[in-house]
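Can you make the complete structure from the sequences, with help from the hints?
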Amino acid sequence: MVTVRSHTLVVLVEDKPGVMNRIVSLFRQRGFNIDSIAVGHSETPGLSRITLVAQGDDRKIEQLVKQLYKILEVIKITDVTDDNPIQRELALIKVTATERNRSDIIRLVTDVYQARIVDATPDSLVIEVTGSPEKVDSLITMVRSYGIKEIARSGVIAMARGARVVAPAAQPVVA
Amino acid sequence: MAIETRERPRVSEEPQREPQLGAHLVLQALVREGVEVIFGYPGGAILPVYDALPYYPIHHVLVRHEQSAAFAADGYARATGKVGVCMATSGPGATNLVTGIANAMMDSIPIVAITGQVPQSVIGMDAFQETDITGITLPITKYNLVIRSVDEIGPAIQKAFYLARTGRPGPVLVDIPKDVQLTKGFLAPRQELNLPGYRPTIVPHRRQIRRAAELIRRAERPLILAGHGIIISGATEELVRFAERTQIPVGLTLLGIGGFPASHPLCLGMVGMHGHAHANRAIHEADLIIGIGMRFDDRVTGRPSEFAPNARIIHIDIDPAEIGKVLKTEVPVVGDAREALRLLLEEIEPLEHEDWLSQIRSWYRPIRTEPSGPDGVLQPQYVIARLHALTEGKAIVTTDVGQHQMWTAQLYRCDIPKQWISSGGLGAMGFGVPSAMGAAIGRPEAEVWAVVGDGGVQMTLNEFATIVDEQLNVKVAIINNGYLGMVRQWQQLFHNRNYSETPISSPDYVLLGQAYRMPARRVTRPGEVDEAIQWARSFRGPALIEFVVNQEENVYPMIPSGGSFRDMIDDTQIEGEW
Ligand SMILES: Cc1ncc(C[n+]2csc(CCOP(=O)(O)OP(=O)(O)O)c2C)c(N)n1
Numbered sequence: 001m002v003t004v005r006s007h008t009l010v011v012l013v014e015d016k017p018g019v020m021n022r023i024v025s026l027f028r029q030r031g032f033n034i035d036s037i038a039v040g041h042s043e044t045p046g047l048s049r050i051t052l053v054a055q056g057d058d059r060k061i062e063q064l065v066k067q068l069y070k071i072l073e074v075i076k077i078t079d080v081t082d083d084n085p086i087q088r089e090l091a092l093i094k095v096t097a098t099e100r101n102r103s104d105i106i107r108l109v110t111d112v113y114q115a116r117i118v119d120a121t122p123d124s125l126v127i128e129v130t131g132s133p134e135k136v137d138s139l140i141t142m143v144r145s146y147g148i149k150e151i152a153r154s155g156v157i158a159m160a161r162g163a164r165v166v167a168p169a170a171q172p173v174v175a
Numbered sequence: 001m002a003i004e005t006r007e008r009p010r011v012s013e014e015p016q017r018e019p020q021l022g023a024h025l026v027l028q029a030l031v032r033e034g035v036e037v038i039f040g041y042p043g044g045a046i047l048p049v050y051d052a053l054p055y056y057p058i059h060h061v062l063v064r065h066e067q068s069a070a071f072a073a074d075g076y077a078r079a080t081g082k083v084g085v086c087m088a089t090s091g092p093g094a095t096n097l098v099t100g101i102a103n104a105m106m107d108s109i110p111i112v113a114i115t116g117q118v119p120q121s122v123i124g125m126d127a128f129q130e131t132d133i134t135g136i137t138l139p140i141t142k143y144n145l146v147i148r149s150v151d152e153i154g155p156a157i158q159k160a161f162y163l164a165r166t167g168r169p170g171p172v173l174v175d176i177p178k179d180v181q182l183t184k185g186f187l188a189p190r191q192e193l194n195l196p197g198y199r200p201t202i203v204p205h206r207r208q209i210r211r212a213a214e215l216i217r218r219a220e221r222p223l224i225l226a227g228h229g230i231i232i233s234g235a236t237e238e239l240v241r242f243a244e245r246t247q248i249p250v251g252l253t254l255l256g257i258g259g260f261p262a263s264h265p266l267c268l269g270m271v272g273m274h275g276h277a278h279a280n281r282a283i284h285e286a287d288l289i290i291g292i293g294m295r296f297d298d299r300v301t302g303r304p305s306e307f308a309p310n311a312r313i314i315h316i317d318i319d320p321a322e323i324g325k326v327l328k329t330e331v332p333v334v335g336d337a338r339e340a341l342r343l344l345l346e347e348i349e350p351l352e353h354e355d356w357l358s359q360i361r362s363w364y365r366p367i368r369t370e371p372s373g374p375d376g377v378l379q380p381q382y383v384i385a386r387l388h389a390l391t392e393g394k395a396i397v398t399t400d401v402g403q404h405q406m407w408t409a410q411l412y413r414c415d416i417p418k419q420w421i422s423s424g425g426l427g428a429m430g431f432g433v434p435s436a437m438g439a440a441i442g443r444p445e446a447e448v449w450a451v452v453g454d455g456g457v458q459m460t461l462n463e464f465a466t467i468v469d470e471q472l473n474v475k476v477a478i479i480n481n482g483y484l485g486m487v488r489q490w491q492q493l494f495h496n497r498n499y500s501e502t503p504i505s506s507p508d509y510v511l512l513g514q515a516y517r518m519p520a521r522r523v524t525r526p527g528e529v530d531e532a533i534q535w536a537r538s539f540r541g542p543a544l545i546e547f548v549v550n551q552e553e554n555v556y557p558m559i560p561s562g563g564s565f566r567d568m569i570d571d572t573q574i575e576g577e578w
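Chains as they are written, first to last, in the numbering used here: chain A, 1 to 175; chain B, 1 to 578.
Hints are not guaranteed to be accurate.
In silico EDC-like links for lysine to aspartate or glutamate, alpha-carbon gap of 20 Å or less [as the list claims (entries may be wrong)]: (1) A/60 with B/297; (2) B/325 with A/57; (3) A/66 with B/330.
With beta-carbon atoms standing in for the labels, derived distance ranges [said to hold, decoys possible]: (4) B/205 with A/92: 45 to 53 Å; (5) B/220 with A/29: 36 to 44 Å; (6) B/81 with A/35: 41 to 49 Å; (7) A/134 with B/310: 41 to 49 Å.
Since the hints were derived computationally from the structure, they do not count as laboratory data.
Predicted, not measured: the structure shown is a model, and the values here were computed from it.
Every residue, glycine too, gets a C-beta built ideally from N, C-alpha and C.
Below you can see the structure in the form of structure tokens.
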């Protein structure tokens with residue numbers, strides 16, 4: 001049976017122009033939809049770490065990983081889906097707030113979700129939340145009834161638990 | 001021109017005293033990589049390189065369309081095993097290379113394409129003749145890059161050649177903005193490349209080799225499928241030894257032709273859609289398939305679920321992404337074909353498969369090669385069979401795409417690698433003539449035959465001019481059936497004979513030959529075939545023969561697209577039906 005599920009890939013790449021384009025283009029060419037992609041510098045100068053979330057059956061994703069390895073600047077790819085990784089996302093949510101419901105919203109956001117209010121005007125609040133994508137989804141659902149004006153989500157970043165790291169092989173091969 | 005007064009630039013490894021224009025550094029870097037020939041076409045954005053070209057020991061072949069430059073570089077690479085180089089200006093020059101680059105990508109051919117680009121100051125402004133060629137070729141190159149400063153020229157070109165020819169070979173495009181060509185600098189010495197993300201596995205894992213050997217030992221009806229990887233890695237000798245020691249028959253993919261001698265008793269010829277019936281039947285009955293340097297293309301497998309239904313699979317390939325892509329693979333072996341065969345030879349003791357081999361022999365039926373059809377019309381298969389006989393199978397043969405390609409694959413029985421040159425993965429019409437050009441430049445001693453259809457030849461026959469200019473030993477054999485034959489065959493078999501837009505007219509090829517100053521003849525009867533071929537062979541240099549053949553002849557056997565061996569159609573079956 002082919003089961004399509006959400007895969008989280010951690011990809012270590014050389015920090016060079018065009019690399020993101022090559023990676024994203026490969027997903028496009030093979031008809032994968034990327035649910036989330038987040039990129040930033042890694043612990044090693046010159047290397048960036050990308051967290052990619054995409055839907056696919058295990059075999060297709062495995063094939064995709066092999067194809068990704070063919071991109072010259074890709075150093076290491078790990079599918080962390082089955083490792084129960086730590087997954088975090090940051091979101092900014094601007095909601096409509098009135099004199100009457102403002103304190104309800106603040107209580108909900110800060111007490112239940114441990115999120116923060118980072119901006120306020122007479123008729124709006126900006127909520128900042130970090131957490132698993134599920135937590136972010138849940139908060140959004142809860143404040144929807146107040147009226148959402150704008151949402152910005154960062155995309156998921158992931159990291160394996162414990163001592164395991166996604167790092168380049170010790171010995172870079174010199175051609 | 002003031003050529004004589006200028007000093008010849010140096011291409012040595014000694015440090016240069018004076019800075020030189022980037023355009024010169026480009027050519028120096030190419031010479032340093034061993035480039036002797038460039039197939040190209042000039043234009044504004046690459047003009048500084050052309051300005052410097054006369055000072056370097058590089059033979060530039062002026063093609064008549066950039067597509068042919070890429071195809072010629074491809075033919076050159078296949079015939080010589082070296083990296084082929086093509087060059088074009090920005091914009092339309094660069095986009096004209098695209099089909100040839102895609103072809104090289106699909107067939108794993110090492111070529112380097114050099115393109116001029118508009119100056120960096122106007123990149124992204126839709127400047128005159130600007131196209132984002134690195135963006136366009138992203139999915140059809142193994143790698144591509146833009147050189148952004150004069151200092152990068154040496155390393156970039158070194159990297160391009162290294163990537164093109166190592167691992168799984170492929171095309172690399174180097175885009176050079178005009179301002180970089182016009183800036184002075186020094187050529188950085190050749191140095192070790194640091195490519196942490198690129199480390200092709202050459203020597204396969206021992207454990208996988210042992211597992212493969214174990215399956216081979218236990219198999220009763222094993223079969224080797226040999227592909228282009230055998231030729232790329234130069235593994236023919238090892239493959240012959242391995243097949244002989246294990247007494248395993250060898251089927252060839254279209255691009256594997258020449259990788260194992262056709263005259264070897266263990267050779268089954270081509271497999272796949274138009275493969276020999278006994279070879280495809282052997283796949284169907286096999287209990288073990290050993291795929292070496294091949295990628296289970298759909299033209300080989302047909303419907304994957306019914307391909308080799310009784311067989312376990314060992315797949316040897318340098319590209320891990322090919323393994324398990326199409327079929328469930330029992331033993332994956334990642335590595336160079338030659339290294340893998342060497343290791344396998346160490347593991348495996350002599351085996352016998354007499355029953356299996358005689359069973360396959362009993363299935364053998366030759367491809368039909370009668371001289372004439374029902375009304376005495378010339379049969380195309382006969383032409384190829386005679387070409388094979390008269391050249392003693394020793395010519396380099398390039399083909400275009402279509403029926404003639406398949407007849408040549410079936411009947412021009414190649415015994416050595418780099419003798420068979422054909423567009424496999426992309427199936428690009430227009431390939432035959434320019435690739436023959438490339439082969440003839442790379443192997444001037446060889447007799448080169450371009451076997452082409454009347455459709456395909458009209459896509460690149462402008463290159464007759466190039467062939468004549470260069471006085472190449474290229475003999476063009478046009479198999480003229482008045483149709484886009486292969487498409488007509490599909491229309492006949494699967495679209496109720498609706499010959500929509502497949503009849504195609506031709507110029508008078510004999511007059512055309514004369515117009516291009518190319519000796520030319522027309523053959524319409526079987527009795528004239530030998531004489532014409534011998535005529536073309538009797539002198540060095542270009543020649544053209546138009547063979548006017550049976551218009552509605554088909555290629556058999558045939559496994560319909562997406563079908564299985566059970567769906568095979570062959571001519572004996574068809575005769576009664578139509
Ligand atoms: C560039 C390109 N366009 C279209 C096709 C589709 N195609 C495949 S075979 C064929 C017919 C080739 O006809 P011809 O060159 O006369 O050769 P024949 O099959 O008659 O030997 C066509 C149109 C192709 N392979 N390549």
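Hint-by-hint comparison with the structure:
no.	hint	verdict
1	A/60 with B/297	17 Å, holds
2	B/325 with A/57	13 Å, holds
3	A/66 with B/330	18 Å, holds
4	B/205 with A/92: 45 to 53 Å	49 Å, holds
5	B/220 with A/29: 36 to 44 Å	41 Å, holds
6	B/81 with A/35: 41 to 49 Å	45 Å, holds
7	A/134 with B/310: 41 to 49 Å	48 Å, holds
Checked against the numbered hints given earlier, this structure breaks none of them.
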